[in-house]
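Chemist: All chains should be modelled from the sequences, with the hints used to inform the complete structure.
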Amino acid sequence: MSEKKSKKVPLRKEVPPEFTWDLSPVFKNDEEWEKAYKKLERQIPQIVEFKGKLSNSPETLRKCLDLSNKLEQLIERLSVYANLKFTE
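For what it's worth, our numbering labels the leading residue of the sequence shown as 36, then goes sequentially.
Hints were generated in silico from the structure; no laboratory data involved.
Pairs of lysine to aspartate or glutamate residues, derived as EDC-like cross-links and limited to a Cα-Cα distance of at most 20 Å, are as follows:
#1 K120 to E66
#2 K74 to E107
#3 K120 to D65
#4 K63 to E53
Modeler: Take a look at the structure:
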């Protein structure tokens with residue numbers, strides 16, 4: 036019978052950098068993430084301004100969709116960074 040060795044998960048500081056997440060393409064640091072999060076909090080109420088107005092004109096619809104896409108992209112970046120940071 037072979038003896039099973041239990042493997043301990045190393046601490047992040049024990050892992051060589053080449054085997055860790057490089058989050059800098061998403062956000063340079065946690066402070067940049069915080070700035071983006073605050074920006075998102077400020078921008079979310081803007082989408083409510085379109086309520087009941089989407090059929091006013093094609094331009095209004097386009098502006099709403101542009102803002103929606105912009106918010107979705109920012110939310111995605113914030114989420115990816117936060118999730119990868121959590122797994123460090």
